[in-house]
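J.: Following the hints, position chain B against chain A.
Sequences listed follow chains A and B, in order.
If you count the first sequence from 1, position 121 lands on 121 in the working numbering, and the numbers rise without skipping.
If you count the second sequence from 1, position 121 lands on 121 in the working numbering, and the numbers rise without skipping.
Incorrect hints may appear among the rest.
Claimed, not checked - Computed beta-carbon distance windows for the label pairs: (1) B:R354 / A:D17: 31 to 39 angstroms; (2) B:E137 / A:L97: 55 to 63 angstroms; (3) A:E94 / B:I217: 36 to 44 angstroms; (4) B:R176 / A:E131: 57 to 65 angstroms; (5) B:K296 / A:A77: 19 to 27 angstroms; (6) B:V328 / A:E94: 21 to 29 angstroms; (7) A:S61 / B:E313: 27 to 35 angstroms; (8) B:V328 / A:L97: 19 to 27 angstroms.
It should be emphasised that the hints constitute simulated quantities derived from the structure, not laboratory data.
Positions of the beta carbon are idealized from the N, C-alpha and C atoms, including for glycine.
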Amino acid sequence: MTKIEVQIGNKKYIVMDDRKYTKTDEWAKLEEGNRVRIGITDYAQKELRDIIGVELPEIDSEVSKGDVVATLESVKATGDVYSPISGKIVEANERLLDEPELLNTDPYGDGWIAVLEIKDPDEYNKLMTPEQYIEYLKKRKH
Amino acid sequence: MLRTLLLDYHVEKLGADTGEFGGWIVPMKYTSSIEEHMAVRRNVGFFDVSHMGRLRLKGSDVISFIQYVYTRDLEKTKEFFLSGPTLALNQWARVKDDEMLYRISDEDWLVVTNAPYREKMINYFREIIESRKYRVEVEDLTFKYAMIALQGPKAPEIMESLGASWASDLRILEFRMNEEIAGSKYYLVSRSGWTGEDGFEIWGESKAIQALMEKLIEKGVKPCGVIARDSLRMEMGFVLGEHEYGEDPLKFPCALSLRYGLGAIDWGKHGFVGEEALRTCRKEGVRWIRVGIKMKKKFARIIPRQGYRLFIEGVFVGWITSGSFSPVLKRGIAQAYIDSRYALFGEPVDIEVRGKLYSGKIADFPFISK
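For reference, chain A alone in the conformation it holds in the complex:
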């Protein structure tokens, strides 16, 4: 698992090479069996900054790709997290309820949001690779 530092203008964004990405700045990481862990990227947390509250999904709820799976309360605005994939929520990171700042300090690690059980591995494979996400970041307006 390598950290890639992407320089855009005078800002640096971290992209991890061991997972997949979406255009709405979520990451998805396939774990054993058919479990996928999801979270937000370094770019997303830098845009939001000062995340002070999180609304997590309910365990056993079914989500479709693109559904709002979590809501992040930052000082500036409320941000929606869209599920990168369809599946059933089997775990939600309760630690974020008391320590939402983990989303800012460790978005790829302890700031994970949920784990889903997926049925369609194809859907996961179609997500952006780290390289594709980096290209996408470079094209965005800063």
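T.: Just chain B now, with coordinates in the frame of chain A:
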């Protein structure tokens, strides 16, 4: 989109994250809006507020003109003092803008407008001047001078360390022109601000303002962005256009419902725009009043946002106008209009957030003790 002359400095040298505010690209935050907010409350910080409108009014009829435009009795303003904030109303007693006025002399005044309303107010002033034949000239200084706000309990100390100890002698709302700070000249320095803390607002040519910012950074003064500026004004219960007030009588209650405070309306004064509608509103009593909402500790991390509805016992009683997070109180706070029959300070109220109800308390302003 307008850009302040110093925006590149903020982005390249100070690492500002930018965003849009009132038609301008401005620094949103530098490090963290919560850090910036607390720097102003405990220490000292500075904001680039060049996006606000700066106008000069000159002529033999300035006083008659401003007495007609604003709700405050401005005749009483002392020379070299600011007056305000005060309200410019439209004919329906809705607020066009809330502004500060500076008296240089009887025939020479300055006005600071809110960023999104600068052009509107210039056009409005010119219309009135023409139709009522006032001998007044309006000069837009917004692009001539940049403006920063140095705010926080240590602001006077910082001014002293820059060789401007005369600044500590300024009384609240007093101003001076063409003064020197650390070897550069500045158009105006006032003891004023919008954060609830002690501090100064400084106007100058962009080179001089940049030099000042560099010196402030050297002295460890924190640069602060517009997100912190918003959470600071929220804690004080100050209002923002298009949130707590606006010109549309179908969207916003009359100016009296605003409970603006700060002596913005002088009931003893007659002959200003919107007076008739305002006095009618006063006579009939208000349907809505502006209050504060403080989230209950259990829901500290929920921020009510503009438009969210309020309920008491399942009855719709009002709506949120602005919401933010108070780093001092460590919880979400908001401003709202509540049906005057339910506006009981200290009583709980339910806020509908994404389909669920969360409770807060109806509070008066300011949220924090000052």
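J.: Now look at each hint and say whether the structure bears it out.
T.: We went through each hint and held it up to the structure:
1. For the pair R354 of chain B and D17 of chain A, the beta carbons lie near 35 angstroms from each other, so the given range of 31 to 39 angstroms is met.
2. Checked against the hint of 55 to 63 angstroms, the pair E137 of chain B and L97 of chain A passes, with Cβ atoms roughly 59 angstroms apart.
3. One distance hint, 36 to 44 angstroms for the beta-carbon pair E94 of chain A and I217 of chain B, holds here, with the actual separation near 41 angstroms.
4. Checking the proposed 57 to 65 angstroms range against R176 of chain B and E131 of chain A shows it holds: the Cβ atoms sit about 59 angstroms from each other.
5. In this structure the hint that K296 of chain B and A77 of chain A lie 19 to 27 angstroms apart at CB holds, the actual value being about 22 angstroms.
6. At about 27 angstroms, the CB distance of V328 of chain B to E94 of chain A agrees with the hint of 21 to 29 angstroms.
7. For the hinted restraint 27 to 35 angstroms between S61 of chain A and E313 of chain B, the CB-CB distance of approximately 30 angstroms keeps it satisfied.
8. Taking the beta carbon of each, V328 of chain B and L97 of chain A are about 22 angstroms apart, inside 19 to 27 angstroms as hinted.
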